[in-house]
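In the order they appear, the protein sequences are chains A and B.
Taking the numbering used here, the leading residue of the first sequence gets 1, the next gets one more, and so forth.
Taking the numbering used here, the leading residue of the second sequence gets 1, the next gets one more, and so forth.
To be clear, the hints were calculated from the coordinates, so they are not data collected in a lab.
Just to be clear, a hint being listed does not mean it is correct.
[Unchecked claim] Keeping only pairs whose Cα atoms sit at most 30 Å apart, straight-line, the calculated DSS-like set for lysine-lysine is:
| id | chain 1 | residue 1 | chain 2 | residue 2 |
| --- | --- | --- | --- | --- |
| 1 | B | 132 | A | 30 |
| 2 | B | 87 | A | 6 |
| 3 | B | 36 | B | 405 |
| 4 | B | 413 | A | 6 |
| 5 | A | 6 | B | 374 |
| 6 | A | 3 | B | 374 |
| 7 | A | 6 | B | 329 |
| 8 | B | 332 | A | 6 |
| 9 | A | 30 | B | 284 |
| 10 | A | 11 | B | 374 |
| 11 | B | 133 | A | 30 |
| 12 | B | 332 | A | 11 |
| 13 | A | 92 | B | 329 |
| 14 | B | 36 | A | 30 |
| 15 | A | 92 | B | 87 |
This is what each chain is made of:
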Amino acid sequence: MTKISKEEVLKIAEISHISLRDDEIEPMIKHLEGVLSYAERVQEIAADIEEPSDKNVNVFREDVVVRVDPETILCQAPEREDDYFVVPAILKTK
Amino acid sequence: MDRLEFATITQLREKLDSQEISVAELLEFFINRCNKTDKKIDSTLEVFDKESVLKQFRAQGTPLSGIPGLLKDNICQEGRITSCASKFLQNYVATYDASACKRLKRSGALPIGRANMDEFAMGSSTETSAFKKTKNPWDFSRVPGGSSGGSAAAVAAGLVPWSLGSDTGGSIRQPAAFCGIVGLKPTYGLVPRYGLVAYGSSLDQIGMFTRSVYDAAIVFSAIAGYDLRDSSSRNVQKKDYTQHLTGKLPENLRIGVIDNVLNADGMSSEISEAVEQAIQVLEKAGAKIKHVELPTLDYSAASYFVISRAEAASNLARFDGVRYGMRDKSAKTLHDMYLNSRHDGFGEEVKTRILVGNYVLSAGHAGQFYENAKRVQRLIRRDFKNTFNDVDLLIMPTHPQPAFKFGAYDVDKLQMDLQDFFTCPMNLAGIPAISLPCGMTKDKMPIGFQLIGPHLSEGQIFQTAHVFEQNTPWHTMHPEGF
Numbered sequence: 001m002t003k004i005s006k007e008e009v010l011k012i013a014e015i016s017h018i019s020l021r022d023d024e025i026e027p028m029i030k031h032l033e034g035v036l037s038y039a040e041r042v043q044e045i046a047a048d049i050e051e052p053s054d055k056n057v058n059v060f061r062e063d064v065v066v067r068v069d070p071e072t073i074l075c076q077a078p079e080r081e082d083d084y085f086v087v088p089a090i091l092k093t094k
Numbered sequence: 001m002d003r004l005e006f007a008t009i010t011q012l013r014e015k016l017d018s019q020e021i022s023v024a025e026l027l028e029f030f031i032n033r034c035n036k037t038d039k040k041i042d043s044t045l046e047v048f049d050k051e052s053v054l055k056q057f058r059a060q061g062t063p064l065s066g067i068p069g070l071l072k073d074n075i076c077q078e079g080r081i082t083s084c085a086s087k088f089l090q091n092y093v094a095t096y097d098a099s100a101c102k103r104l105k106r107s108g109a110l111p112i113g114r115a116n117m118d119e120f121a122m123g124s125s126t127e128t129s130a131f132k133k134t135k136n137p138w139d140f141s142r143v144p145g146g147s148s149g150g151s152a153a154a155v156a157a158g159l160v161p162w163s164l165g166s167d168t169g170g171s172i173r174q175p176a177a178f179c180g181i182v183g184l185k186p187t188y189g190l191v192p193r194y195g196l197v198a199y200g201s202s203l204d205q206i207g208m209f210t211r212s213v214y215d216a217a218i219v220f221s222a223i224a225g226y227d228l229r230d231s232s233s234r235n236v237q238k239k240d241y242t243q244h245l246t247g248k249l250p251e252n253l254r255i256g257v258i259d260n261v262l263n264a265d266g267m268s269s270e271i272s273e274a275v276e277q278a279i280q281v282l283e284k285a286g287a288k289i290k291h292v293e294l295p296t297l298d299y300s301a302a303s304y305f306v307i308s309r310a311e312a313a314s315n316l317a318r319f320d321g322v323r324y325g326m327r328d329k330s331a332k333t334l335h336d337m338y339l340n341s342r343h344d345g346f347g348e349e350v351k352t353r354i355l356v357g358n359y360v361l362s363a364g365h366a367g368q369f370y371e372n373a374k375r376v377q378r379l380i381r382r383d384f385k386n387t388f389n390d391v392d393l394l395i396m397p398t399h400p401q402p403a404f405k406f407g408a409y410d411v412d413k414l415q416m417d418l419q420d421f422f423t424c425p426m427n428l429a430g431i432p433a434i435s436l437p438c439g440m441t442k443d444k445m446p447i448g449f450q451l452i453g454p455h456l457s458e459g460q461i462f463q464t465a466h467v468f469e470q471n472t473p474w475h476t477m478h479p480e481g482f
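Using the sequences and the hints, build the whole thing.
See the structure below:
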C-alpha cells in the first residue's frame, strides 16, 4: 500500500508545474494512493526477458525546412509583440 | 435499406453513383441530422457549416468520396478548433491536417465536425470532457464509454456512417461495445499519428467506428499505411482491406478462447453467455476453437497505468500557456503563470494522471514502478507472441459489464481506471483488436467482444469479423428514437 505525504504530493505537483489549492490536496493524495497501490502489483511478476524481436523502432527522415506562414501560429499566442511570444517576468523582482 | 441515416457506406455510395442523391444533398442531410438529433445525446463539439465542407471537396473514384463522418477532437483538422475537450485548448485552431484526416479528405471523405471525448483522451466514459456529457443512445442515463465516446455515440445513433477515434488503452473498443457498433484498434504504427494530440505515445493508435465490418475495412483502407511524418510508422504500403471480405473464414482458422478472462471476477453472466454464443457461431462457420491461458493479462492494467501516466506526464508538459492555449493572465512571474495556467486549464482527471506519471518516473520510485511496468509489458508481449504460435486469433469480451450509469464511479475512482482491464493488453503488445456487437442484455444494452490478432493481422481480423457479422443480427439493431 503506497502512502503519500502532503510534502510528497506538493513536490510532485511542483515538478508537474501544477498548483494545488489547499482543499485539493487531500482528494489528490487519496486518488494517487488508490492508483499507485493498484499499480504496485507490477513488482509481483516483473522479470527480465529477452527483448521481443518485433519491437517497434523509430524511423528517421531528413529534417527538411518547410516554410509555413508564421502568422497562423503566432496569432494563437496568448500574448505577443511582433514576431515574439511575450511571457511574464522570468526572474522575480525585488 | 430502410433509412438514409442508418445506411452503410456502400449503400450511400450506390445512391451517390446512381445520382439518386447528390454529394451536396447527402452532406446537408447529415449536417442537419447532426444539428437536430445530436441535441438528444451531445456527441459533437462542433458541426461545420455545409459551404466550408463542400469548399474542400474533390470528387474521387473511391468508396468514401462524398461520405460524411466525424473526427474525435484530438485529431487535427486544418483551420478548425482541436480542443481535446479541454478548457486549455478550447480556442486552439489546428494549423495542419493530421495525416489520417488528410488521407480521408484525399479519398473524398467529408469530415463534418468534431466529436466529444474525455479530456485529452483520459477517461472511460466521456464524463471528463470539459464541455458536455455525451449520452449513450441506447439509454440516456448511461455513458457511451470513452474516451472516444462522442465518435461512438454519433455512429450508433445514425448521425454519421463513420467516425475516427483514438485508442490508448481501449478508448475505441470499449465505447464501440457500449454503443453496439464496430470499432478497431489497429496494429501500433499502421495508422499514422501525425496530427493526433499525444497521450501515451508508445500506445496511442487512431482507428475508426462504423456500423458494419465492410465499412470499417473501407475507412481503414483510406487511413492505414506508411507515413514518413510518424517516426513509429511501420513500413507497410496502403492496400484495399475489403478484398479480405470473402464471406468465408480463413482456411484452417484456429481461434483461442482466453479461459482466465471469460471466468474473471466481475464478469457479467449475460456477457460471458453472449461471448460463448459468439464462439459457437465462429465454430459453426468452421473455426477450430482452442482454449488458452494468458496469466500475465491479470497484470496488464497495472502495467498500463504506470506506462500511460508516465508518457502522459511527458506529453502534456508542452501545455505551458506560452505559445497557444490557456494562460493565467494575472500571474506575476513565468513560473506562476505555468502553475496557474495548468491548474485552471486541466480538469481533475488530467491533473491526477500527470501527477501519477511524474511520481512513477521520479527518483526513488522509477525502479519500483516504471521499470517494473516495462518488464511486465515485455512479458505480456512474449505471452501473446507465444500464444499466436498455436492460434491465429484470440477472442474475449471487450468489457465485463454493459455501459454504466453516469456518476457510477465518482467515488470509487479506481474502478473507473480499471475499465481498461480487457482492452489495454493489446495496446501494451501493439497488436490489433476489433470490437464487434454480439448480443443485448435484458435491459437492451449492447454487448461486445474482441477479435485479437498478431501484428498486421487486420486482413484476417476483418475477414473473420465479416463472417461473424453475416451470421448474426446484432449489427442491424439501432437504438429507438433515432
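Tested hints:
Between residue 132/B and residue 30/A the CA atoms are separated by roughly 26 Å; this keeps the pair inside 30 Å, and the hint holds. Annotation: proposed proximity of residue 87/B to residue 6/A holds, straight-line Cα distance about 27 Å (limit 30 Å). For the proposed pair residue 36/B and residue 405/B, the alpha carbon gap of about 25 Å is at most 30 Å, so the pair holds. As the CA atoms of residue 413/B and residue 6/A are separated by approximately 20 Å, the hinted pair is consistent with the 30 Å bound.
The straight-line distance between the Cα atoms of residue 6/A and residue 374/B is roughly 28 Å, inside the 30 Å bound, and the hint therefore holds. Under the criterion of a C-alpha separation no larger than 30 Å, the hint pairing residue 3/A with residue 374/B is consistent with the structure, at around 23 Å. As the CA atoms of residue 6/A and residue 329/B are separated by approximately 28 Å, the hinted pair is consistent with the 30 Å bound. Between the alpha carbons of residue 332/B and residue 6/A the distance comes to roughly 26 Å, so the proposed pair stays at or under 30 Å and holds.
A hinted pair counts as satisfied when its Cα atoms are at most 30 Å apart, and residue 30/A with residue 284/B does not qualify at roughly 50 Å. A distance of roughly 25 Å separates the Cα atoms of residue 11/A and residue 374/B; the hinted pair therefore holds under the 30 Å criterion. Restraint check for residue 133/B and residue 30/A: the C-alpha separation of about 25 Å stays at or below 30 Å, so the hint holds. Proximity of residue 332/B to residue 11/A is assessed by CA-CA distance (about 21 Å); at most 30 Å being required, the pair is judged to hold.
Note on residue 92/A and residue 329/B: the hinted pairing holds, with a Cα-Cα distance of about 16 Å set against a maximum of 30 Å. Between the alpha carbons of residue 36/B and residue 30/A the distance comes to roughly 42 Å, so the proposed pair goes past 30 Å and is violated. This hinted pair checks out: residue 92/A and residue 87/B have alpha carbons roughly 28 Å apart, not beyond 30 Å.
Consistency with the previously given hints fails for numbers 9, 14, ordered from lowest to highest.
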